[in-house]
Structure formats: C-alpha cells, structure tokens
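Enquirer: Residue-level listing of the chains:
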Amino acid sequence: MNTKLTKVLATSIAAVALTATLAGCGKGSASSSTEGSGEIALWTHNAGNPDELAAVQKIVDSYNSSQDKVKIKVQAFPQDSYNDSVVSAAAAGNLPCIVDIDGPNVPNWAWAGYLKPLELKADLSKQLPSTVAEWDGKPYAVGYYDVALAMMARTSDLKAAGVRVATMEKPWTKEEFQDALTKLKALGKWEYPLDLGTAGTGEWLPYAYSPFLQSFGGDLVNRDGFQSADGALNGDKAVQWAEWFRGLADQGFMAKKSGKDSTQDFLNNKSAIVYTGSWAADKAKAALGEDLVVMPPVDLGEGPKIGGASWQWGVTSKCSNSEAAMDYLSYSLKPENVAAVAKATGAIPASNEAAAQIPAFAEGGANRIFMDFSRKYAVMRPETPAYPFIATEYGKAVQDILNGADAKSTLDNAVKAIDANIKSNGGYKN
Amino acid sequence: MATAPLPTRPRIPSGTHAATPPSHAKPAPHRRPGFRREQLSGWGMIAPAAVLLLAFIFIPAILGFGLAFTNARLISPRPIEFVGVDNFARLFTDPTFYRALLNVAYFTVVIVPVQSGLALVMALLINKKFRGVNFFRTVYFLPVVTSMVVVSLLWLFMYRKDGLVNEILSAVSFGLINGPDWLGDPNTAMPAIIILSIWQAAGFHMIIWLAGLQGISGELYEASQLDGTSRWQQFRYVTWPGLFHTRSLVLVTITIQALGLFDQISVMTQGGPMDSTTTIIYEAVQSGYRQQETSYASAISLVFFVLVLIVSAVQRYLTREKD
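In order, the protein sequence lines correspond to chains A and B.
Going by the numbering used here, the letters in the first sequence line up with residues 1 to 430, in that order.
Going by the numbering used here, the letters in the second sequence line up with residues 1001 to 1323, in that order.
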C-alpha cells in the first residue's frame, strides 16, 4: 500500500523536478547574457582560430584596463555554428552588445533590426572601403581586415610555356587567358593547369565566382534599388560568363571538382595557376620563394574584379549600453590594434596606418599587392537584405552550370526564385 | 542471444495490465480507491515522457503546420501574415520539388527490397551455431554503430575519381575499367549513395530479422525435417510465415528511414550534381535555414508528413493480418 503511495510521490516529484529544470534552462540562458552593470558581452566567430581570438582578446584586455567604467567579456563560437547562435539569440531577445558578422550578411541583419547604425569617434573614411558595411546609407559594421582574391603561379612555369606575367597595369584579357591555359596544358605537366577551387561550397561560390560575372558586365542583382535580378543575372553578359566558365572545364583546363585544398595542390605541382585568397600567400611564399608570382584575376571585359568584405563588427540594437560598445569599437580601430589582428590572420589590414606597422603590407612589402587589389578591384557583394538568398541561388546555379546544365535556363530559374523572394518580402524595404 | 525460443508469439496488449490486479486480490468494495491510485501513478509515470513529447514533438509539429500557411521567415522585421496556400502553390510548381520526390521514390524503391533482402540473408547466415558466429555478427553490425555522418565522410573519399573504389575497379579489371567520379556524375551519384546507405544500415535490420528468426520454435523445424522437407521448403513454409510480424516491422522502418534521406546528401553531394540527389528533407532544411524561408520549409514538411502517412497507411493495409 505504502509503496504505491511512495511511487506516486516519487513520480510526481520527478515530473515537477523535470519541469522545473526545463524552466530553469530557459531562465539560465536568459540570464547569461543580461549584462550586469558595466559588463558588456562580445560574441565572435573565431573559437576555431586561436591566433585571431588571442589578438581580439588582447584588444579587449587593453581596453578593459584603459578605463574602469565597463568591462568587455569575450565569448567565442565555432564559425560553423556562429550565425545560428546569433539568429537564435536574436529570436530569444538575448543578443550580446557587440557581435561580429560576415560582411555580406550585414544588410540582412540590419534590416532584421539586429544592428544599430554605428556612431564612432574613429574616422571610418580612413578604412579600406570594403571593410565598412553600409546599408541604407548608414554604416552598420566595420572590420579590421579584408582578404583579396588573386591568381598565383610559378614564374618558371609561365616562362616555360611562353606566357606573359599578368600585372595590375596589364592584366590578362580573356583571350590571353585562353591562350595561356592552352600553352600550359600543352606542356603536359598537369592534368588540369587551372584550379579555381571548384570543390568549394557555400559562401565560397558567390565570393569567388560572382567577380568573374561582374567582370563580364553581369551581376547578381540589379543594384539600382535591388528589386530584381532580371537582366543582371540572366542577360547576355551573364550567359557569356556561364559559357566561358563551363568552357574552362569542357576544354580540360580545370576540373569540375577540384581537390579539397587548392593551395596545397598548387604547391604539390598539381596545377599551374591557382585562384585563391591572400590568406594562402604566406604559405605559398614560404614554399616557392621568388618563383611565386601573384597576379590579378583575369579582365573579362570590365576589368579585374574581386569580392570585398570579410568579418566585421557591429553593435546590436537592443544593447543597453551602446555608448560603451561604440567607444570600444572606436578604441579597437586604433592602428596598432588593427595591425595586431591583421597580423594574426595574415589578412589585409583595414587602414594605411595599420599597414605601415606590418612590414609585409607596408609600402613596398611583399603582400602590399593584395591591398592594392582590394582598393582597386573589390566589388561588394550586393548590399541588400536579400543577399543570403541570392547567394544560395547563385551558388546552386554555378554548380549546375559546371555540371552541364543549360546556362540560360539555369540563370532564368535563379532569377525567378530571387525575384519571387524579394517580392514576398515586400522588396526588403524598411 | 540467450533468449529461449517462445512456443507461441505472445499477444502483448491487455496481458501486462491484467496481470497486476489479481495479485493484490481485493474484495470488490475496496477496489475503487486502489484503482484510482493506480491510475494516478499511471499518469504520473506517463507525465515526464508526455511533457517532453508535447514540448518537443507535438507542439512544434502543430506550429509547423500553422506556419506553412503564413509568410514567416527566420529573420525578418515584418509581421507574420496569413497567406493561405501560397507556399503550396509555389511548391507544386517548383521543378526541384518534383525532382526531390522522384529521387526519394527512386531511393526508397531500391533500398526497401535490397536492404531488407540483404539483411535477411545475413541474418540467415549467422543464425547458425558454429565457431566464430559472434565475430561475424559483430562485423555485420559494425557499420551501424558508426554514425552516418562519419560513414559519409569516409565514402566521400572512396568515391573520388582517384579514390579507393575506382582503384579497386581498375585493379581487378587489369586497368580496363576507368571508374567515373561517382558523386560528380548525375547518373552515378544516387546509386553511389544507395550502396553506401545499404552498407551502413543493413546490419541494423539484420538484428531485427535475427530476433524474428530466433522467435520461431525449433519444434517446427524438427517437425518439417521429419516430413522430409528440402531446405527451400523449410524456408518457404516454416521460416517465411514465422517472420510475418518481423517482416512488417522491417518494411515500415526501412521505408520511413528511406523517405527521410538527409545525412548522406547533406555531407556528400548537397543535392547535386544538377539536383540528381536532392531530397524532400534536404530541400526543407535548405530553404528553412540557408534561405531563411521558414514558412516554405514548413509547407515542404507538411507535404512530407502527409506522404509518409499515406505510404505507411498503404503498407499497413497491405501487410494486415488477413483473417
């Protein structure tokens, strides 16, 4: 008899305890980001990148000791789950004060009301243009660095094939590029002389290949108002781009699906020309020394283009102490801070003053060329809240075209999907 | 497997409940309060599971059905509006959705017979007493223990143009067969994924078959031996009918598992090349998270739910006990 009663009791207690824990969980996560007076949380994506994290932590530490009103607290996430963490925190109303954001996502988050426009004491006009993310005419995020795409090759290979080294004054034209690939292929040293990193997925696809489209004269979307992609992504220029891109694979110049690590394949002499970013420069330089040559991407009509914007910092709209958050960001943009982060990541520092502090990027330095690329060629990915959607549609179109889908109809489908998305969101207007 | 074969298949419903009250054997007037207490403890025991099921399965599912008729998005400052069947209208004119349906149908139609058949053969092979049988049981079961994501990553390398599969093909054919880039070719991508999926999951269904086989009474085999049956007749008239319930279980679980194809696709092909491996669940995740269209993803999920319901109902009808 009694045992039964205890059983009932035990189960009820267990049930109560369980509900209590569940409720507790909700509360626990809520309280973790409610900032105590004078404490501000900062979220960053680079838990998997100890060098960059350490550099950021150092800035935070020096800021914390420079004054005693607020304390910044760094919380690092792995990059893969970072965006999800921010989105779910936003849905629960628990965003920290300062977040870092991948540049092309800034308009989307600003539109969603996650971010507030920056009001910094620091002078943003000194920044490399691609490190400031603007939307609706206001700056919403600012970065310490950018990266630049380039084509790398061995001087000796180009010489052997009788191919001219491309320079910023005289980049390769489409015809010269075709000629160069034909000659390199004829050497018989590589199955595929060109490696454009076609095994890449996700954001790599629009980042790496939309500049080619833009160099042809097409674009991801009509930038006048950002209301439609019609004509930009499926016009004659875009179709020409698609056929050219496809042709590189059809002629055997590049693999439809390259190796996992393009830079490593290039260093192992599996390709003659690799299309990669400034992040690979130091490694390539160490391996090849003077033989390495860094060239601008091909001029396909409208001049060479590369993608702009990397990770940047913004202040969230619900931040209770945004003044302090803005103050921290201004502080962190001091040249020595920018230089420290850029050095840790091997990326292009965001200002000339910072660059002067890093020998490789200072005037005449080995990596200065990337900074010039960034200044001269960078095209921002369309600054519209529709960008994440456009990026997935474009990425899928690139892969389908590479695999032999009809260029025009694939691009038409992408345009249809993008236009429908923009329309269903009321044009992404404020 | 130490379980002794049961003489007959137990009829589970009503048996367990009826077993307790008689042991307490109380006179009729006292039964009422005891009964109530029993009910109370019953509810108490259901409560934790029920709360969790409600919170994490039923409520989200119902919300999902509701969201399918709105324009909700993952990130948006705009208020959610009711848009009727817009999402469904869009879904049913989307060629990718039909391609996904076709792919899932293809996958299921191949997987269900081949995987269950292979699992049955494996179960028959190891349902014998010989030295080292446990070794084989372990070997067959090993892939099941490994996570599908890990298996997919490994096979990703094996399926490459210069990967293990092509190297073996080339070696055994003395260089005659030059294998394709399995996952890069629209014609071979789905078959490649089917083979990997069968390899990974067959062991699990082998265990279910094995349990069924061990539930068949040894006396029946002895009797059939006395009647002088051949091995085929023994399988046909003793084993096969004896596996009736196991068969339904295996059929239903494999079908549902096959319809929900996602892990392999997400890791290995991301739906490509040219939509040749995209699936309904993959499309739902893709539009719900990467493209932020929560409502559209909900519509896909709702359609998927209805499909699974129909397929299960048909299977249930076909495998019913015909009395």
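For the record, the hints were derived by calculation from the structure and aren't laboratory data.
Heads up, the beta-carbon is just placed ideally off N, CA and C, and yes, glycines get one too.
Do not rely on the hints blindly, as some may be mistaken.
[Said to hold, decoys possible] Straight-line alpha carbon distances no greater than 20 Å define the calculated EDC-like cross-link-like pairs of lysine to aspartate or glutamate that follow:
| hint | chain 1 | residue 1 | chain 2 | residue 2 |
| --- | --- | --- | --- | --- |
| 1 | A | Lys376 | A | Glu169 |
| 2 | B | Lys1161 | A | Asp123 |
| 3 | A | Lys423 | B | Asp1181 |
| 4 | A | Lys334 | A | Asp123 |
| 5 | A | Lys416 | A | Asp236 |
| 6 | A | Lys270 | B | Asp1094 |
| 7 | A | Lys416 | B | Asp1094 |
[Stated by the list, open to error] Label pairs and their calculated CB-CB ranges:
| hint | chain 1 | residue 1 | chain 2 | residue 2 | range |
| --- | --- | --- | --- | --- | --- |
| 8 | B | Gly1117 | A | Lys183 | 54 to 64 Å |
| 9 | A | Val74 | B | Pro1060 | 45 to 55 Å |
| 10 | B | Val1083 | A | Leu187 | 52 to 62 Å |
| 11 | B | Ser1147 | A | Gln79 | 17 to 27 Å |
| 12 | A | Asp80 | B | Leu1125 | 35 to 45 Å |
| 13 | A | Ala91 | B | Phe1262 | 17 to 27 Å |
Enquirer: The structure should be examined with respect to each hint, and the outcome stated for every one.
Expert: Hint-by-hint comparison with the structure:
| no. | hint | verdict |
| --- | --- | --- |
| 1 | A/Lys376 / A/Glu169 | holds (11 Å) |
| 2 | B/Lys1161 / A/Asp123 | violated (52 Å) |
| 3 | A/Lys423 / B/Asp1181 | violated (39 Å) |
| 4 | A/Lys334 / A/Asp123 | holds (10 Å) |
| 5 | A/Lys416 / A/Asp236 | holds (16 Å) |
| 6 | A/Lys270 / B/Asp1094 | violated (41 Å) |
| 7 | A/Lys416 / B/Asp1094 | holds (11 Å) |
| 8 | B/Gly1117 / A/Lys183: 54 to 64 Å | holds (56 Å) |
| 9 | A/Val74 / B/Pro1060: 45 to 55 Å | violated (33 Å) |
| 10 | B/Val1083 / A/Leu187: 52 to 62 Å | holds (59 Å) |
| 11 | B/Ser1147 / A/Gln79: 17 to 27 Å | holds (22 Å) |
| 12 | A/Asp80 / B/Leu1125: 35 to 45 Å | holds (42 Å) |
| 13 | A/Ala91 / B/Phe1262: 17 to 27 Å | holds (23 Å) |
In summary, the numbered hints that this structure violates are 2, 3, 6 and 9.
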